[in-house]
Amino acid sequence: MSAAVEAPDMPGTPSDGVEKRQVTQVGWKAAGGLIVIAALFALLLVAAPRDGATKFALSRGSDALQIPLLEIPAMPLAWSCLVLMALIAAISVARTLANRTTSIWAIAAFGALFLVGFLAWAGAGSSGTLSIVSLLSGSLLGAVPLIYGSLSGVIGERSGVINIAIEGQMLAAAFTAAIAGSVTGSPFAGLFAAVLAGMLVALVLALFTVTHRVNQIIVGVVLNVLVLGLTSFFYTQVLVPNAATLNTAPRFGSWTIPLLSDIPVIGPVLFDQAPLIYLMYLVVAGVSFALYRTRWGLRLRAVGEHPKAADTVGVNVERTRYLALLIGGACAGLGGAFYTTVAIDKFGLNMTAGAGFIALAAMIFGKWDPVRAALAGLLFGFASNLQNVLSVVGSPVPSQFMLMVPYVVTLFAVAGLVGRSRPPAANGQPYVKG
Amino acid sequence: MRLELRGITKRFGALVANDHIDLTVEPGEIHCLLGENGAGKSTLMNVLYGLYEADEGEILLDDEVQHFAGPGDAMAAGIGMVHQHFMLVPVFSVAENVMLGHEPGSGGVLDVESARRQVREISERFGFHLDPDALIEDLPVGVQQRVEIIKALSRNADVLVFDEPTAVLTPQETDELMAIMRQLRDSGASIVFITHKLREVREVADRITVVRHGKVVGEASPTASDADLASLMVGRAVELTVHKDEPRYSTGLLRVSGLQVVDDAGAVVVDDVSFEVRGGEVLAVAGVQGNGQTELTEALLGLQDDVSGSITLDGEELTGRSVRKVLDRGVGFVPEDRTHDGLVGEFTIAENLMLDRSDGPPFVRSGALQLAYRDDFARSAVAEYDVRTLGIDTPVGRLSGGNQQKVVLARELKRNLRLFVAAQPTRGVDVGSIEFIHKQIVATRDAGVPVVVVSTELDEATALADRIMVMYRGRVVGIVPSTTPRDTLGLMMAGIPPVEHGGEAA
Amino acid sequence: MSHQSQEPTPEPGPEKEPGLSEELEQEVARESGAPAGLDAGEDTADRLAHALQQTMSHPWTVAAGAILLAVLVGSVMIAFTDERVTSAAGYFFARPGDLFTALGDSIGGAYSALFRGAVFNPRADGFAAQIRPLTETFNYATPLIAAGLGVALAFRAGLLNIGGQGQMLIAASAAGWVGFGVTGLPFGVHTLLAVAAGIAGGAVWAGIAGLLKARTGAHEVIVTIMLNWIAFYLVAYLLATPGLLQAPGSSNPKAPPTPASAQLPGLLGERYNLHWGFVLALAAVVFVWWLLNRSSQGFAFRAVGENPRAARVAGIDVPWTTVKVMLVAGGLVGIAGASQVLGQVTTGFGGDIDAGIGFDAITVALLGGSNPWGVLAAGILFGAFKAGGTAMQASEGVPNDIVLVVQSLIVLFIAAPPLVRAIFRLPDPDRRRTPREARKARKEAA
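Residue numbers (this note's numbering), protein chains in the order written: chain A, 598 to 1031; chain B, 147 to 652; chain C, 9 to 454.
Hints in this document: simulated from the structure, not taken from any laboratory. Note that CB positions come from ideal geometry on N, CA and C, so glycine has one too. Hints may be right or wrong, so weigh each one.
As the list claims (entries may be wrong) - When the alpha-carbon atoms are kept at most 20 Å apart in a straight line, the in silico EDC-like pairs for lysine to aspartate or glutamate are as follows:
#1 B:LYS361 <-> B:ASP474
#2 B:LYS471 <-> B:ASP452
#3 B:LYS471 <-> C:ASP325
#4 B:LYS471 <-> B:GLU492
#5 B:LYS361 <-> B:GLU199
#6 B:LYS343 <-> B:ASP304
#7 A:LYS905 <-> B:ASP219
#8 B:LYS585 <-> B:ASP505
#9 B:LYS361 <-> B:ASP168
#10 A:LYS905 <-> B:ASP522
#11 A:LYS905 <-> B:ASP539
#12 B:LYS560 <-> B:ASP452
#13 A:LYS905 <-> B:GLU202
#14 B:LYS361 <-> B:ASP374
#15 A:LYS626 <-> B:ASP410
#16 B:LYS343 <-> B:GLU175
#17 C:LYS262 <-> C:ASP360
#18 B:LYS560 <-> B:ASP605
#19 B:LYS390 <-> B:GLU199
#20 B:LYS390 <-> B:ASP410
#21 C:LYS332 <-> B:ASP505
Stated by the list, open to error - Partial list, computed: chain B residues near chain C (C-beta under 7 Å):
#22 VAL469
#23 PRO481
#24 LEU489
#25 VAL490
#26 GLU492
#27 ASP502
#28 ARG511
#29 GLY513
Stated by the list, open to error - For the chain A half of the interface with chain B, some residues (derived, Cβ under 8 Å), not all of them:
#30 ARG647
#31 LEU895
#32 ALA906
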């Protein structure tokens, strides 16, 4: 996939003979990837052309500002997108040949074009409309647990503790939020209980991995199953017989933010949501600030990169890791609360259904950075939601393949095909003093 | 500040690492702690620095008893440490590393600008020229060490501990470090200098305390002879020279020409290196750690991926071959880092002795291990190479450094060799084993095998070599006879070719 | 170290060479957990390996303690959710005896049901029927042993195979497809072919993870987790698509039944469900033991697992070995998948054919200390839990999920021996050599 391109100044031997030479390489991964995707899309359009037009709705019926329905002939739109995609791929190839990297914006534009083209193809000839607002708003909602969960992973792993137990943290949180909400009648109580549950699972993780230095992956995997077993057991034994009193949770309504929510398309998507979503904006920004600009963040990152160095300047490694895991657990708790305080009003068996693992994937894809991880969470939320929207317009793509997307993308990411992600250096390693 | 250690005792299980050690360091003095590898020097300093808790004894600063729960307490009390393995976060900037642990700023928000200012201030005071925003991983080791010093000084340390600080430095850089240490001493700091190098001790120390097997065995004055210091350190008379006759060349020949190795980051780490080694002679590769010697030896064995140029052994091309094939051609290899590259710590001595012959006869027949043969082989190797152990089933990780190295040596030398490559063969090894290992290397040479020895210790290189090749930044500075003066070699290690200062090229 | 001085001073003291006895003492001391080479900074990679090592190997006392603790926690859960107990607790001060009776009924009932379902059922007619639960235990143990071996083998080579679920799903699909898709083969040949297909399916799916690790350094844990989900949706798609794995004429995501010619035949006759898959699992135990302890390939696996850098220097092709390990491990998990489709669920399988065994395998490998015989014992124990748990749910109404809880608690406790030792006041094996014993060992050696 990658070829070494020697720097042009290489053969000239400097007479002083002391400087170490550098042979720089620009890999073919980016350009190659773009070419492959463009080619596959072209193949799809040629092999399975579809007739008719695709209807895009850019506003909801209730919105103040109404935008007329866009009805665009599907194949011409798809082909135009493909042409532009091919253009970007060609530029990328040219830049790679000139030993320069492809800009991230070009790749983003490529992705957006691909998406529009694909939607046009998938929705062609359908009587249904593709509601962009509900597509985006559904993506955002689907991304909420992923983003909160990935923050749990980011904070924990930046301190050097691998957190496979995000799934368990969220499931436990969803379970307790349902009970606390049902008993008190307040979604805020549910939220609070969820945070505590997330932190409790984190505490167990910390106890075993930080204090007892047990392999972090094994503890994470086992905690997921322990929480699944516990919640399933108590659900069957306690919640089902007492559903009316213990498993009928109140939900947050949406809080419409005046003015902002009137912005076309993104207004209703971003600013007509439950408070948990607004909190998410704050938490992502807050974690990012705290990680890079505060004493706590500096020490946390130092502990995750080189715990002994941190120890030798008086940073308490174990306490830092405990705190990081607990804060992460609180984040995952908020993510779990989404299920039973926003999405639906009762707990169901194994209701997180693998979201914790997509959150893990978002963390990796986001290169252990809160903002990038949140963006990756949005992307994965979008991929899951796209499947729902496409089934409305009767898309020919089997739903299972859409659901697979986050995992496949992550597989490519960890294999280094989508840019190398480098985890914190001490990630996964228990710290022993001395 | 006056530092006093009284009766410090530290045990690990049944092993007594420090046995009632007393030590006093006065302000304005450089106190040298001299001892062999494994004598317990670093353990003592870890106790002083709060990383270990002493089982007995106490630490006093200006006659006040201190209780350190961790390094934070030790630093607060005015103790600073320049660690042997730098305690720097590679992906952090200089300023971030310096401020870590005592960050300026209010309300928990970092004030990076004042950290930068502090770095600039201290580096100007010592003439360091450091960019506070440079990432540690981009800096050469010598500069990284200065960051360590700044870290300690930024905390107003009055007691400074230098733990084996010269291992990674050129002779010139070592001289500069000594000057810095004197400057610090003259400004009133108490300095503890831990080392096992006699030359440095005599050069810079005001007082010397010698440690052996965890005990203080005596004090010495800087005017004592090398032999006296060595025998005090080791506990017996030490053979300080390596006896070898004039080389008797055989027909064996290693020829390396135009060798280039590029590392993962795209840097050319071995750059157009050419040399020849004849059967029956030792070529020592000298140079400061990290100038391409490691990669050169790895390339000889086929461990490097991006290699161009040519390596021929007795006329047969070795480049591009797998490690397996190279080993099968009769190349013996002692890696620089034996615990990571040479041995499997959890494996028994017997298993380690067959480690690089695990694919065929005599240790394996039709896919099955030949346990009886393996054990017989191991018993005879252990006896022949004087490996001191309870038995061949002992996991090799439990042996001392010297005995581990003997296992590696036995495994490699008991094959039929046509080339022997040893990287840092005596690093972290006790003096008794050093003597044994040197004798084995000379015996291999005398058997007519071409031998390549890499050593960053100039003394070892000159003692073993018939010719010395000095490397700097991946290139060969020159190949000179082993009788070349030490000063010339020192300058070559800093990249200055021998002809320019009157040296003699071979 | 200097070589310059020409006149070595004679040494007056009695101390000569660092004596043999002294070094042996150090060796013994190191055994008791002291850092090897006092001044040597221990590398973090070694620590990671060491931590894994500690997690993997444990004395049987700790295992027994962990099992006991987990069962105790399970009892508390059963008692607290039993209405008889909670109602008796309501009037505890009036009639305290009732609470204890209720507690006894609840916990005793549950565990005796578990015993009747897993080992021996005295209520059945005749010995043959009474012993039937034990054969059920072996039946449940079959895939656990096979998959547990797959995880244990990978552990020994330094790889955490979290991908049992995906490997089983692919293996089951492959075996199932050969089972009902290929016709006209004689009995025996058909079975063998189907088993081979299952092994190949598991091997390929695990091999992807091995290949990615070998070629790109991608962490096998992340890769196998992602592959689990990919397999999950892939098999869901196959099962929901006519002409692929879906049973003809059905609209459910379910495969057609396995024909008799491809089934693993019964081992003890019609009366019992136990099939030849168990023998296959036992054979796998012996095979893995030989592979790890007696073969050169296993030597390479272990060398790569303990210290990949040293293995590479010793001429072992580490990436290729990684791929080979994952292929064999996946093949072993594949046996589990095949045995599910060809022996356990022959009426047509669905997307849940893995039955959580991918995870169970991790616990089996841990409890078994990554040693084939340990895996056999752990597999049978967890098989008994599964068989008994089903019976417990049927007769006492205790949800089967309790087994998951007990199982994960066992692993947690085993992974942290100090915790178990503290609770049961067991001696620490790391401290078993006192200085006196060290001196004794020294004397013996001298």
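Margin query: I'd like to know which numbered hints this structure contradicts. Please list them from smallest to largest.
Written below: Numbers 1, 4, 6, 8, 10, 11, 12, 13, 18, 19, 20, 28 and 30 - these are the hints that the structure violates, sorted from lowest upward.
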